[in-house]
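Peer 1: Just so you know, we're using numbering that gives the first Met the number 0 here: the sequence shown kicks off at 0 and counts up by one.
A hint or two may mislead.
Taking CB as the label site, the calculated pair distances span [said to hold, decoys possible]:
1. D66 x A123: 20 to 26 angstroms
2. F141 x T35: 17 to 23 angstroms
3. H22 x R103: 27 to 33 angstroms
Here are the simulated lysine to aspartate or glutamate pairs, EDC-like style, with alpha carbons at most 16 angstroms apart [unchecked claim]:
4. K53 x D38
5. K143 x D38
6. K53 x D75
Keep in mind the hints are simulated off the structure, nothing from the lab.
In this text, a Cβ means the ideal position worked out from N, Cα and C, and glycines have one as well.
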Amino acid sequence: MAARSWDEAVARVLACEGGYTDHPADPGGPTNRGITLADARRYWKRDATAADVKAMPVAVAHRIYRDRYWSALRCDELPAGLDYAMFDYGVNSGIARAGRVLRRLLQLSDRSAIVTAEVVAAAAARDPQALIAALCDERLAFLKSLRTWPVFGVGWGRRVAGARAAALAMARGAPAAAPQGGKTGAVVATTGAGAIVAAGAASAQADHAAIIFAVFAAIAVLAVAAMLVRR
(Lines of atoms letter the chains of each structure in order from A and count residues from 1; the text may use other names and numbers.)
(Lines give C-alpha, C1' and ligand atoms only; values in the text may rest on other atoms or scores of the structure.)
Protein backbone atom coordinates (compact mmCIF):
# COMPACT_ATOMS: atom_id res chain seq x y z
CA MET A 1 0.00 0.00 0.00
CA ALA A 2 0.99 3.64 -0.28
CA ALA A 3 2.84 5.49 2.47
CA ARG A 4 -0.46 7.18 3.29
CA SER A 5 -1.78 3.89 4.69
CA TRP A 6 1.14 3.76 7.11
CA ASP A 7 0.65 7.37 8.20
CA GLU A 8 -3.01 6.86 9.03
CA ALA A 9 -2.46 3.44 10.58
CA VAL A 10 0.28 4.54 12.97
CA ALA A 11 -1.67 7.67 13.91
CA ARG A 12 -4.63 5.52 14.82
CA VAL A 13 -2.56 3.03 16.80
CA LEU A 14 -0.83 5.79 18.77
CA ALA A 15 -4.20 7.40 19.50
CA CYS A 16 -5.59 4.11 20.81
CA GLU A 17 -2.52 3.27 22.87
CA GLY A 18 -2.32 6.66 24.55
CA GLY A 19 0.53 7.69 26.84
CA TYR A 20 2.41 6.11 29.71
CA THR A 21 0.72 3.43 31.82
CA ASP A 22 1.84 0.88 34.38
CA HIS A 23 -1.37 -0.89 35.34
CA PRO A 24 -0.88 -3.73 37.86
CA ALA A 25 -3.23 -5.97 35.86
CA ASP A 26 -1.38 -5.40 32.59
CA PRO A 27 1.26 -8.11 32.03
CA GLY A 28 3.13 -5.72 29.74
CA GLY A 29 4.14 -3.59 32.72
CA PRO A 30 5.46 -0.06 32.04
CA THR A 31 4.15 0.92 28.61
CA ASN A 32 4.25 4.12 26.60
CA ARG A 33 2.47 4.63 23.27
CA GLY A 34 1.89 0.88 23.29
CA ILE A 35 5.61 0.05 23.55
CA THR A 36 6.27 -2.17 26.56
CA LEU A 37 9.41 -2.19 28.65
CA ALA A 38 10.34 -5.55 27.10
CA ASP A 39 10.02 -4.17 23.56
CA ALA A 40 11.93 -1.03 24.54
CA ARG A 41 14.81 -3.22 25.73
CA ARG A 42 14.60 -5.47 22.69
CA TYR A 43 14.38 -2.79 20.00
CA TRP A 44 15.66 0.44 21.54
CA LYS A 45 17.79 0.40 24.72
CA ARG A 46 19.05 -2.89 26.07
CA ASP A 47 19.03 -1.55 29.65
CA ALA A 48 15.89 0.60 29.37
CA THR A 49 14.08 1.37 32.62
CA ALA A 50 10.50 2.37 33.35
CA ALA A 51 11.71 5.97 33.38
CA ASP A 52 13.18 5.53 29.88
CA VAL A 53 9.89 4.12 28.64
CA LYS A 54 8.01 7.07 30.15
CA ALA A 55 10.35 9.55 28.39
CA MET A 56 10.51 7.62 25.10
CA PRO A 57 10.36 9.98 22.07
CA VAL A 58 7.48 9.44 19.67
CA ALA A 59 10.04 8.93 16.87
CA VAL A 60 11.28 5.80 18.65
CA ALA A 61 7.74 4.42 18.83
CA HIS A 62 7.28 5.16 15.12
CA ARG A 63 10.49 3.32 14.23
CA ILE A 64 9.63 0.29 16.35
CA TYR A 65 6.12 0.10 14.92
CA ARG A 66 7.34 0.50 11.36
CA ASP A 67 10.17 -2.03 11.54
CA ARG A 68 8.91 -4.60 14.04
CA TYR A 69 5.17 -4.62 13.37
CA TRP A 70 4.12 -3.01 10.09
CA SER A 71 7.01 -4.37 8.01
CA ALA A 72 7.12 -7.70 9.86
CA LEU A 73 3.48 -8.28 8.84
CA ARG A 74 4.20 -7.06 5.28
CA CYS A 75 1.41 -4.53 5.59
CA ASP A 76 2.76 -2.53 2.62
CA GLU A 77 1.79 -5.52 0.46
CA LEU A 78 -1.64 -6.23 1.92
CA PRO A 79 -4.91 -4.79 0.56
CA ALA A 80 -6.08 -1.44 1.91
CA GLY A 81 -7.92 -1.82 5.19
CA LEU A 82 -6.55 -5.29 5.84
CA ASP A 83 -3.13 -3.67 6.29
CA TYR A 84 -4.44 -1.53 9.16
CA ALA A 85 -6.52 -4.34 10.69
CA MET A 86 -3.45 -6.60 10.78
CA PHE A 87 -1.19 -3.87 12.12
CA ASP A 88 -3.54 -2.95 14.96
CA TYR A 89 -4.08 -6.62 15.80
CA GLY A 90 -0.32 -7.21 15.88
CA VAL A 91 0.29 -4.26 18.17
CA ASN A 92 -2.53 -5.24 20.53
CA SER A 93 -1.99 -9.02 20.67
CA GLY A 94 1.39 -9.72 19.03
CA ILE A 95 2.44 -10.18 15.42
CA ALA A 96 2.68 -13.97 15.83
CA ARG A 97 -0.98 -14.26 16.72
CA ALA A 98 -2.04 -11.84 13.96
CA GLY A 99 0.01 -13.76 11.41
CA ARG A 100 -1.35 -17.15 12.42
CA VAL A 101 -4.95 -15.95 12.38
CA LEU A 102 -4.58 -14.47 8.90
CA ARG A 103 -3.02 -17.69 7.62
CA ARG A 104 -5.87 -19.71 9.14
CA LEU A 105 -8.49 -17.46 7.55
CA LEU A 106 -6.77 -17.93 4.20
CA GLN A 107 -6.84 -21.71 4.73
CA LEU A 108 -3.07 -21.90 4.95
CA SER A 109 -1.07 -23.71 7.61
CA ASP A 110 -0.91 -21.80 10.88
CA ARG A 111 2.07 -23.78 12.14
CA SER A 112 3.99 -20.72 11.03
CA ALA A 113 3.09 -17.14 11.91
CA ILE A 114 5.12 -15.59 9.10
CA VAL A 115 3.30 -13.54 6.48
CA THR A 116 4.97 -14.93 3.38
CA ALA A 117 4.57 -14.12 -0.31
CA GLU A 118 2.04 -16.96 -0.44
CA VAL A 119 -0.01 -15.27 2.27
CA VAL A 120 0.13 -11.91 0.47
CA ALA A 121 -1.01 -13.52 -2.80
CA ALA A 122 -3.83 -15.40 -1.10
CA ALA A 123 -5.02 -12.23 0.65
CA ALA A 124 -5.02 -10.32 -2.65
CA ALA A 125 -7.32 -12.96 -4.16
CA ARG A 126 -9.92 -12.67 -1.38
CA ASP A 127 -12.59 -10.09 -0.56
CA PRO A 128 -10.72 -7.71 1.79
CA GLN A 129 -13.88 -6.69 3.63
CA ALA A 130 -14.76 -10.30 4.40
CA LEU A 131 -11.21 -10.92 5.65
CA ILE A 132 -11.31 -7.80 7.83
CA ALA A 133 -14.63 -8.83 9.39
CA ALA A 134 -13.41 -12.39 10.07
CA LEU A 135 -10.11 -11.14 11.48
CA CYS A 136 -11.85 -8.74 13.87
CA ASP A 137 -14.37 -11.42 14.92
CA GLU A 138 -11.54 -13.77 15.88
CA ARG A 139 -9.64 -10.95 17.57
CA LEU A 140 -12.58 -9.99 19.78
CA ALA A 141 -13.29 -13.63 20.69
CA PHE A 142 -9.64 -14.08 21.71
CA LEU A 143 -9.64 -10.94 23.87
CA LYS A 144 -12.83 -12.04 25.61
CA SER A 145 -11.09 -15.29 26.56
CA LEU A 146 -8.32 -13.50 28.45
CA ARG A 147 -8.41 -13.25 32.24
CA THR A 148 -7.79 -9.49 31.97
CA TRP A 149 -10.98 -8.94 29.93
CA PRO A 150 -12.93 -7.77 33.02
CA VAL A 151 -10.31 -5.05 33.55
CA PHE A 152 -9.62 -3.91 29.99
CA GLY A 153 -12.62 -5.34 28.14
CA VAL A 154 -14.53 -2.10 27.64
CA GLY A 155 -11.54 -0.38 26.06
CA TRP A 156 -10.55 -3.42 24.01
CA GLY A 157 -14.09 -3.83 22.73
CA ARG A 158 -14.18 -0.19 21.61
CA ARG A 159 -10.79 -0.58 20.00
CA VAL A 160 -11.73 -3.65 17.96
CA ALA A 161 -15.02 -2.07 16.91
CA GLY A 162 -13.17 1.07 15.86
CA ALA A 163 -10.49 -0.87 14.00
CA ARG A 164 -13.14 -2.89 12.17
CA ALA A 165 -15.08 0.21 11.10
CA ALA A 166 -11.95 2.09 10.03
CA ALA A 167 -10.47 -0.88 8.16
CA LEU A 168 -13.72 -1.52 6.29
CA ALA A 169 -13.91 2.16 5.35
CA MET A 170 -10.31 2.05 4.09
CA ALA A 171 -11.13 -1.05 2.03
CA ARG A 172 -14.00 0.87 0.42
CA GLY A 173 -11.85 3.95 -0.08
CA ALA A 174 -14.14 5.95 2.20
CA PRO A 175 -13.18 8.33 5.04
CA ALA A 176 -12.75 6.50 8.34
CA ALA A 177 -14.32 7.67 11.58
CA ALA A 178 -12.24 8.88 14.52
CA PRO A 179 -10.58 6.09 16.53
CA GLN A 180 -11.35 5.33 20.18
CA GLY A 181 -8.83 4.22 22.75
CA GLY A 182 -8.05 0.70 23.90
CA LYS A 183 -6.41 0.71 27.34
CA THR A 184 -6.74 4.43 27.96
CA GLY A 185 -10.06 5.21 26.32
CA ALA A 186 -8.53 8.28 24.65
CA VAL A 187 -10.58 9.69 21.79
CA VAL A 188 -9.14 11.49 18.79
CA ALA A 189 -10.35 12.90 15.51
CA THR A 190 -8.53 12.56 12.22
CA THR A 191 -8.52 15.39 9.73
CA GLY A 192 -6.42 13.70 7.06
CA ALA A 193 -3.53 11.26 6.73
CA GLY A 194 -1.60 11.41 9.96
CA ALA A 195 -3.38 14.55 11.20
CA ILE A 196 -4.76 14.11 14.69
CA VAL A 197 -6.62 16.39 17.06
CA ALA A 198 -6.64 15.05 20.62
CA ALA A 199 -9.85 15.32 22.58
CA GLY A 200 -9.16 13.14 25.59
CA ALA A 201 -7.38 15.98 27.39
CA ALA A 202 -10.48 18.15 27.19
CA SER A 203 -12.52 15.46 28.93
CA ALA A 204 -9.89 15.12 31.65
CA GLN A 205 -9.86 18.88 32.19
CA ALA A 206 -13.64 18.89 32.48
CA ASP A 207 -13.52 16.11 35.09
CA HIS A 208 -10.82 18.00 37.00
CA ALA A 209 -12.91 21.18 36.97
CA ALA A 210 -15.94 19.27 38.24
CA ILE A 211 -13.94 17.87 41.14
CA ILE A 212 -12.63 21.31 42.11
CA PHE A 213 -16.15 22.73 41.97
CA ALA A 214 -17.44 19.93 44.19
CA VAL A 215 -14.69 20.54 46.76
CA PHE A 216 -15.38 24.28 46.95
CA ALA A 217 -19.10 23.61 47.19
CA ALA A 218 -18.52 21.27 50.12
CA ILE A 219 -16.33 23.86 51.86
CA ALA A 220 -19.02 26.49 51.39
CA VAL A 221 -21.68 24.21 52.89
CA LEU A 222 -19.48 23.50 55.92
CA ALA A 223 -18.81 27.20 56.38
CA VAL A 224 -22.52 28.03 56.35
CA ALA A 225 -23.22 25.20 58.80
CA ALA A 226 -20.51 26.50 61.16
CA MET A 227 -22.01 29.99 61.09
CA LEU A 228 -25.47 28.64 61.91
CA VAL A 229 -24.07 26.63 64.85
CA ARG A 230 -22.32 29.74 66.26
CA ARG A 231 -25.61 31.67 66.12
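Peer 1: If a hint holds in the structure, say so; if it does not, say that too.
Peer 2: Each hint, compared with the structure:
no., hint, in the structure
1, D66 x A123: 20 to 26 angstroms, "23 angstroms, holds"
2, F141 x T35: 17 to 23 angstroms, "19 angstroms, holds"
3, H22 x R103: 27 to 33 angstroms, "30 angstroms, holds"
4, K53 x D38, "13 angstroms, holds"
5, K143 x D38, "24 angstroms, violated"
6, K53 x D75, "30 angstroms, violated"
Figure legend: structure checked against the earlier numbered hints; hints not met, in rising order: 5, 6.
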